[in-house]
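Undergrad: Please take these sequences and the hints and turn them into a complete structure.
For the numbering used here, add 235 to where a residue sits in the sequence shown, where the first one is 1.
You can take every hint at face value.
Derived lysine-lysine pairs resembling PhoX-like cross-links, with alpha carbons at most 25 Å apart:
| hint | residue 1 | residue 2 |
| --- | --- | --- |
| 1 | 291 | 354 |
| 2 | 291 | 412 |
| 3 | 354 | 290 |
| 4 | 405 | 290 |
| 5 | 412 | 290 |
| 6 | 429 | 405 |
| 7 | 295 | 412 |
| 8 | 295 | 405 |
| 9 | 340 | 354 |
| 10 | 429 | 412 |
| 11 | 354 | 250 |
| 12 | 405 | 291 |
No lab work stands behind these hints: they were computed from the structure.
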Amino acid sequence: MTELLYTLENGCRAKGYVFVAGTDEAGRGCLAGPVVAAACILPEGASIPGLNDSKKLSAKRREALYDVIINAAVSYGIAEASAEEIDSINILNAALLAMKRAVDKLSPTPDIVLVDGNKSPDFGIIPSMTVVHGDGISPSIAASSILAKVYRDRLLVSLDAEYPGYGFAKNKSYCTKEHVEALLRLGPAPCHRKTFLSFLEEKNERAE
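TA: Listed below in structure tokens is the structure:
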């Protein structure tokens, strides 16, 4: 596996930014639960073998890296935007809100934030840089993607115990065949994103 280089982070430091944070989210495409974001400041040149985009790693590898990242980080923050907030302000704005909340938890305050994707939250006086596919380019963003994914997967295991029958522990609330069948059979749980479930009405209408 190719090691991610600190090209972006070093470029920011060359411009005088000392504390460079990355941020990413997990759970945008899910049907239930919050969208989770993490932010992370890694030490300059920190070596974390195997660090990569969370989507390219196995669940076991992500779990192993989670504690390594936390122990190595100068600072990290993990935050959520709830299913209710997603329904109220839409998933993009909720993801940006979760990122802002995660960055707000960092201490020291970052001098600049590298944001995965092409849109950035408003961090106030803190400048930011959007990085498309940043989780496969920037170690700081990749670390954040792993923290957000592992945290959210653990949360879905807890929701599976609270709302059994939907298979959250296995499907992590993605739109799998089994999840859809459970929704048709049981109806939505309180943790489901109501604005994501319009397809249920279509299925029910076709069945009538």
